[in-house]
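A.B. asks: Single-letter residue listing:
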Amino acid sequence: MPIEITMPRLSDTMEVGTILHWHVAVGDEVSSGDLLADIETDKATMELQSFDDGKVESLLINEGEAVDVGTIIATIASEDEEPTVDNIPSSSDIPVAKEAEAPAATVHTPSQKQSGGPRVSPVARRLAEEHGVDLASIQGSGPSGRIIKRDVLQQVATEATTSETTAAAETTKVPQPVAPAPIATTVVQPLVASSPWQQDRSVPLSNMRQIIAKRLVESKQTIPHYQVTMTFDMDPLMDMRKTLNVQLAATGIKLSVNDFIVRCCALSMATHPEFNASFGGDCIHYHGPVNVGIAIALPEERGGGLVVGSIKHADQKSLRTISQESQYLSKKARETGLSPEEMGDTTFTISNLGMFGVDNFTAIINPPNSAILAVGSAVEKPVVRNGELAVGHEMTATLSLDHRVIDGAMAALYLKALKELIENPASLLV
Amino acid sequence: MNETTTTEQIMSEGPQAMRSLSKIELAPVPNEGVLLGWLRQMLLIREFEVRTMQAYQNRLIGGFCHIYIGQEAVAVGSIAAVNNDDPVVLAYRDHGHALARGMDPKHCMAEMFGRIGGCAKGKGGSMHMFDADHYLYGGHGIVGAQTPLGTGLAFATKYEDELMKGGTSNHVTLCYLGDGALNQGCFYEAMNLASLQDLPVIFVLENNRYSMGTAIERGTSMANELHVKSEAFGINHAIVDGKNVVNMYQKFKSIADWCREESRPFFVEADTYRYKGHSMSDPRKYRTKEEEAQEESIDCIAQLITYLTEKFDFNQDALKQMNRQVKAQVKEAVKWASESPETPMDELYKDVYTDSWGPYTGTSKPEMLEEGGAA
Amino acid sequence: MGPVHWHVKTGNVGRRGCSVSVVTTERIIEFRDALNEAMSEEMRNDNRVFLIGEEVAEYNGAYKVSKGMLDEFGPRRIIDTPISESGFSGMSIGAAMRGLRPIVEFMSWSFSLVAADPILNNAAKMLYMSGGQFGCPIVFRGNDGAGGQLASTHSWCVESMYANVPGLKMAIPYDAYDAKGLLKTAIRDDNPVFFLESERLLSTTGHVPKEEYTIPFGQALIRREGTDCTIISFGRPLHFCLEAAEELAKDGISCEVVDGRTIRPLDIDTMVDSVRKTNACVVVDQSWSFASLGSEIASQIHSICFDDLDNYVHRVHSDDVPTPYAQNLEQAYLPNTRKICEAVRAATYNA
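First to last, the protein sequences are chains A, B and C. Residue 1 is where the first sequence starts when you use my numbering, and the numbers rise one by one after that. Residue 431 is where the second sequence starts when you use my numbering, and the numbers rise one by one after that. Residue 806 is where the third sequence starts when you use my numbering, and the numbers rise one by one after that.
One or more of the hints may lead you astray.
What the hints assert, rightly or not - Coverage of chain B stretches by chain A, computed from C-beta distances (three or more under 8 Å per stretch; other residues unrestricted):
1. 483 to 493
2. 709 to 718
Stated by the list, open to error - A partial selection of chain C residues facing chain A, derived with a Cβ cut-off under 10 Å:
3. Glu1030
4. Asn1084
5. Ala1085
6. Trp1093
7. Cys1110
8. Phe1111
9. Asp1112
10. Asp1113
11. Leu1114
12. Asn1116
13. Tyr1154
I should point out that these hints are in silico values taken from the structure, not numbers from a laboratory. No experiment lies behind these values; they were computed from the predicted model shown. Each residue gets a CB set at the ideal place from its N, CA and C atoms; glycine is no exception.
Hey, can you work out the whole structure from these sequences and the hints?
C.D. replies: What follows is the structure, given as structure tokens:
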């Protein structure tokens, strides 16, 4: 097999070479070291020598012709007695080591994205996000109006004493929207002395109010609401409550009427599973656990609005447990805010405006629940007992229902079951 | 000092402690077997360098590449005169010395191919041939930088032999340099320190008369009386014929033994000639074709062959067979080198430090050392 | 008894894995003596270690650092050299390749420039170029920095230039305790170490325990705790940093001063922790500002602490001019207390 002579790389930057002159002809004998040709490179005219002994078999390139480095320009028939020397393998035959990534030197890359708007130092931006502070509301004290750390911290301190919620509420499940009847008389802001407004003003919505607004509209627009109302005789329950609270006095636990109602509602689910279900488009999802949500109003200092605390597995919990949890959730919601865990996964919700003296009202369903019970206060009034006038306590409660899941008859039956439990509270003990 | 004082007289009467070495006795010529071994080594080096050139032109070798063809006798003759554990350090025209020292040609070629099988795992290249098993301390790219290293290696052997082993200085260091390095300042600092401290280092000048394209007369003052350079430091000087490996060895052996015993430096000037350019991209326009032809006519390998033929009846068949063996060995080395895998990416951050920290991943030895032997 | 990691001194706050112990008796010595002790102790333990340089032997050291060592170890191991930095650096590197462990003293790091080729091309790269065959366990040490009216050729701060090169390690001690602990580590390290001392610090004193201890590389030290601004520095400028911190404290600005101690490796983690706490950072580097150690640290802080910064990292350097001779000019040129205070005020929006 003949030896191939290729256009050699005669300088480290050479790409193309020109044969200026062949010093041999086909048929000539050559030895290693003999001059074969003069080659012009990018830098100089260089000599091409033979590396092998043999006879020139062919000259493939003419004088004056330019070819790329690596092109075959001639062949020599070797005279070696043993099998011919193989060509020096070309650079394309390099075996590749097993695939390994180039080791990356540890480089930390910044993750901040560019944004328009006010200049903000990176830590100020981060703190603002963490504390839910709107940068637009801050006047920066740094150069060129840059908002810096102390500006944000000052704003956080200021906002803590005015109406703004923490960012924790944003990322959690939907807080229970409570939409009162159109006229505002039924809803009273508790506790906070409101100052009379002297002039028009616009207050931007807090994150919570934005979410309430969105969810309320969504609920009303997508769920076919209807209401069913029932009145309950509250005397037996109120008597039992009094008795139990005396017994529990030493423990510090004080049962509320709502605690009883939570338990009653939860137990009633057993025979009325539609009340513990959600509409699923082409099916109805029946939930296993009975998680009753209780609506908790937040004071103005906390931004107003309300959140729903979740009492999980309320059907398995005793009154006292329900009471403790309910108190805990209310307190925490008012003080620091609830965690997503504490607010999530309700299957049924109760909203109680009884403590404000409300007789009755209707509530908007808290998706993905199928029903919500709006509870009014237990009012002392003339009642009919055993065909005779008497004085007793009665409470009115109104169910709002998703007609896709629960129809009127089911609602009536549920309320009947509820009534059985509420008016015979001793049955809660077994 | 009277006017007729000759150099030799100065040498023996000089104020510096230049212990007298008025005459260099030639060491005896070794036996035929040893000489045949030298011939084979020189043929190996030459064939290796030929294939190196070919590989370079085929783009398998990149960067700078300096070919030793024509100078083989200097490396072979001098290295034969010292022990395996005597340190050797040199500049970048180092393939021949590496092979003469005993490096397997496959590792030398693989190094130039940039593969993991190379003596420096492909991370040094043509100019950085290192071999710990054979006490070869490189292969250095900056002209002259190896000369203080040579002084330092001699310092270390003396420190070890005398201070740590409680004996006498028992090593000699060979430090090769080209005529170009004669103009680099650190060479003089190296000689000064070697002489002050009585260090057993031989500075072997491979005087091929050209530093790149500059003839020695254009770059070095006193180019024809180079002995003055070492005498300035109280270091003895000798000239050897770098084309005659037998003579090279005979003189060198005596010098090396003297240095070892006296623990003194020496400056040996070997006259030689490189047939090829300074490096692969040098068209050699600064020399005449006549000069090159003249030099090639007294080629060192041809001289040894003549000597062997005359003295030991060395015949052409034996030569042919030796040539064939050498060609096959080099061919095998090239094949092995081309099959050696590319240096893996994780070597990039290895051998920067001996320990691991940050992105650096410690150090490991090349497979050449693990094999524990040489050709 | 093997080495114990002490971390002690009134005023030092231990961090980063050092155990803090209570000192019962203080042993106050000079910085130069701490260096002497480090070298002598290592030379006693390992006969491969030797000291070489100009005037280190018979003169007892140009700055008296090697006082008495010739008497103890003899001329074989304490070696006077001619003025030949390139030569004796290269020679020592050759010896190190063979396995000896030289300590090479430059009378000033300004003089290392003539030896730049051996120390950067040979020492730092030997292990890599030889594919792991030959290391270079060598220490180059000497005075670095300006401040004594030595003018421009004798006042070099080489850290920024040399720190750019991979393969070498670099340490800058600030006090006597660190000088001894870091130099011992340097001598025991199998890699080339550039050990940058300061002529201005040689006479400072501090507590140095008698017991054996070393300080590992890559471990910065908080020299003063604070909450408003992190000041990062190395070597002599720390003196100015601590002065500045005192002054700023009067104005209610609380500075945390971090002594980096080693440049390669760099303990960026301690620096980052501090900046995450204070949200502001000033780097004080005595070399010139362009392409410097200060710019490297600032860049790293920016990329790692991007979201923790209230302001970009401010830097204090010597002025970008050759070092002047006149005292007033030189004092103004240095990274002095005034410049540091200004930088901290600017970084914390207190200007």
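A.B. asks: Take the hints in turn and mark each one as holding or not.
C.D. replies: Going down the list of hints, with the structure as the test:
no., hint, verdict
1, 483 to 493, "holds (count 10)"
2, 709 to 718, "holds (count 4)"
3, Glu1030, "19 Å, violated"
4, Asn1084, "5 Å, holds"
5, Ala1085, "9 Å, holds"
6, Trp1093, "26 Å, violated"
7, Cys1110, "8 Å, holds"
8, Phe1111, "4 Å, holds"
9, Asp1112, "5 Å, holds"
10, Asp1113, "5 Å, holds"
11, Leu1114, "5 Å, holds"
12, Asn1116, "6 Å, holds"
13, Tyr1154, "6 Å, holds"
Comparing the model with each earlier hint shows violations of hints 3 and 6; every other hint is respected.
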